[in-house]
Every structure is written in structure tokens, then in C-alpha cells.
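Note that my numbering has the sequence shown beginning at 1, numbered continuously upward.
Careful, some of the hints might be misleading.
As the list claims (entries may be wrong) - No more than 25 Å apart at the CA atoms, straight line, and that leaves these computed lysine-lysine pairs for DSS-like:
no. : residue 1 : residue 2
1   : Lys57     : Lys16
2   : Lys42     : Lys16
3   : Lys81     : Lys57
4   : Lys65     : Lys86
5   : Lys44     : Lys57
6   : Lys44     : Lys16
7   : Lys86     : Lys67
8   : Lys81     : Lys44
9   : Lys87     : Lys67
10  : Lys44     : Lys65
11  : Lys57     : Lys67
What the hints assert, rightly or not - If you anchor each label on the Cβ, the simulated ranges turn out as follows:
no. : residue 1 : residue 2 : range
12  : Glu72     : Ala50     : 48 to 54 Å
13  : Thr35     : Ser64     : 16 to 22 Å
14  : Glu72     : Thr9      : 45 to 51 Å
15  : Lys44     : Ala74     : 25 to 31 Å
16  : Ala50     : Ala74     : 21 to 27 Å
Quick caveat, the hints were computed from the structure, so don't treat them as lab data.
Note that beta-carbon positions come from the ideal geometry of N, C-alpha and C, so glycine has one too.
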Amino acid sequence: MRTSRFTETQIMTILKQGDAGRAVKDLCRQAGISTATYYQWKSKYGGLEAFELRRVKNLEAENSKLKCMYAEMALDNAALKDLIAKKL
Numbered sequence: 001m002r003t004s005r006f007t008e009t010q011i012m013t014i015l016k017q018g019d020a021g022r023a024v025k026d027l028c029r030q031a032g033i034s035t036a037t038y039y040q041w042k043s044k045y046g047g048l049e050a051f052e053l054r055r056v057k058n059l060e061a062e063n064s065k066l067k068c069m070y071a072e073m074a075l076d077n078a079a080l081k082d083l084i085a086k087k088l
């Protein structure tokens, strides 16, 4: 998965400027992002503070690691079941 070139604090700064009444079009042009990106960030991170955003990102990373661990264990389990079935 591609990482963002913007940090959490930069994203929050851009969103807070938009909430303060600055024109979204001008804000996006200055930041070098599309308006679609701005609204995606707003729907995902709107109402969060920078520390909350960091916490959410850490939880998402941990969740993806756990999903990978589960997938590996499920494959191992299936392989062991096949091995046991062949022996019997």
C-alpha cells in the first residue's frame, strides 16, 4: 500500500484551514492535492485531532498485521488437516 506524502499534522492543518472558511479550491492548489483527496481526508479524518489520527493509523497498522498473522495460521491449519487426512 502506498504511503501518503503528507504527515498527520499536515493533513490536520489542511483540514483545519478548510474548516476555518478558506476556499477549498485555493487550499488544494496550495497544498498540491486534488479536491477529491481533500474530501476523502475530510470524510476519514474530519473531527479528529492530530494525536487521535496517529492513534487511528497505529491501530490500522496493527490490524493489518493481525490479519496477515491470521491468514498464515489458517493456511498452516489447512495444510496440517490435509496431512492428517492423508495419513488416516
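(message) When the structure is checked against the list of hints, which entries are broken? Sort them ascending.
(response) Result: hints 3, 4, 7, 8, 9, 12, 13, 14 and 16 break, sorted rising.
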